[in-house]
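Note that the protein sequences, when read in sequence, are chains V and R. Residues in the first sequence are numbered consecutively from 1, following the numbering used here. Residues in the second sequence are numbered consecutively from 207, following the numbering used here.
No lab work stands behind these hints: they were computed from the structure. Don't be surprised by glycine CBs; every beta carbon is placed ideally from N, CA and C. Mixed in with the good hints there might be a few duds.
[Claimed, not checked] One side only, chain R facing chain V, incomplete, derived with CB under 7 Å:
#1 E209
#2 L210
#3 T213
#4 A217
#5 L218
#6 Q229
#7 A260
#8 T263
#9 L264
#10 A267
#11 A268
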Amino acid sequence: MKEIEVSGKNVEEAIAIALKELGVNREDVEITVLEEGSKGFLGILGSRQARVRVVVPDKPEKLIEDFLEKVLQSMCIEAGFEIRHREDFIFVSFYGKELGILIGRHGETLDALQYLCNLAVNKVLTNRVKIILDVEGYRKRREQTLINLARRLSNKVKETGKRIVLEPMSPQERRVIHTALQNDSRVLTFSEGQEPNRKVVIALRQ
Amino acid sequence: MKELVLTLAKALVDYPEQVSVNQVEGEKSVIIELRVAQEDMGKVIGKQGRIAKAIRTLVKAAASHQGKRVVVEIIQ
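Please model the entire structure based on the sequences and the hints provided.
Shown next, in the form of structure tokens:
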């Protein structure tokens with residue numbers, strides 16, 4: 001959020017100066033008149049300057065767009081993206097060629113970009129937003145893969161009676177595994193180890 | 207590659223004008239040295255190096271795209 005206070009001969013002039021300084025349009029700002037200003041007698045005696053406060057409210061979409069455009073450009077990746085507002089997060093979906101590079105192994109690159117995008121945007125904002133990045137439905141596909149993996153491994157645990165430790169995963173991915181098996185009466189899941197090497201364990205219920 | 211590190215670092219710190227990046231070309235790999243204001247060190251490293259790791263992951267992805275091995279070093 002940017003905010004400045006500006007004086008001028010009258011309210012209109014003060015606003016014009018402020019808009020020019022901020023480099024924004026009038027419809028993008030909130031204006032508070034602090035001092036009306038007066039011409040005084042014959043325009044000389046007792047004249048008071050007008051004073052206004054101009055606030056540019058947070059525009060998370062704009063910040064996201066600026067950040068991602070710069071990053072994609074410096075990574076030499078030609079990709080477009082679409083920003084959509086969801087109930088409690090902002091969803092960004094990339095489209096274009098050669099996007100495998102943007103996903104990385106098990107979504108590693110996409111997660112890194114998502115993490116940095118959240119940090120960079122929320123650094124500027126007063127009200128935090130949650131940003132989720134996706135490449136052509138990758139998140140959904142990965143979720144299904146994890147659910148299938150969870151079911152397959154839980155069957156193995158039931159057959160052998162031995163617990164299985166999965167490979168390290170992010171908190172979001174671990175949650176998918178826990179959720180997939182939470183209603184299974186024969187196995188239980190829990191996590192062990194420290195981030196970023198925290199792993200899900202699937203074991204037989206006693 | 208230098209530009210990517212610069213872009214990311216500037217977006218994360220409080221003193222973007224104090225961010226500088228130096229690229230050292232080695233035989234097989236490229237070393238990118240990142241310098242930020244002392245107060246901003248935490249902003250590019252993060253808890254348990256999480257931010258530094260994310261920066262390196264992105265740089266690695268961009269580098270593999272161009273067939274190079276790149277090391278990012280954060281200089282005190």
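Now for the hints, and whether the structure bears them out:
1. E209: Given a least distance of 4 Å, the restraint on E209 (chain R) holds.
2. L210: holds (4 Å)
3. T213: This interface hint holds because 5 Å falls under the 7 Å limit.
4. A217: Constraint on A217 (chain R) satisfied, holds at 4 Å.
5. L218: Given a least distance of 6 Å, the restraint on L218 (chain R) holds.
6. Q229: Violated. Min distance 13 Å.
7. A260: Holds, about 4 Å.
8. T263: holds (4 Å)
9. L264: At about 5 Å, which falls below the 7 Å cut-off, the nearest Cβ of chain V leaves the hint on L264 (chain R) intact, so it holds.
10. A267: With Cβ-Cβ at 4 Å, under 7 Å, it holds.
11. A268: At 4 Å from the nearest chain V Cβ, A268 (chain R) passes the 7 Å test, so the hint holds.
In terms of the numbered hints stated before, the structure departs from hint 6 and from no other.
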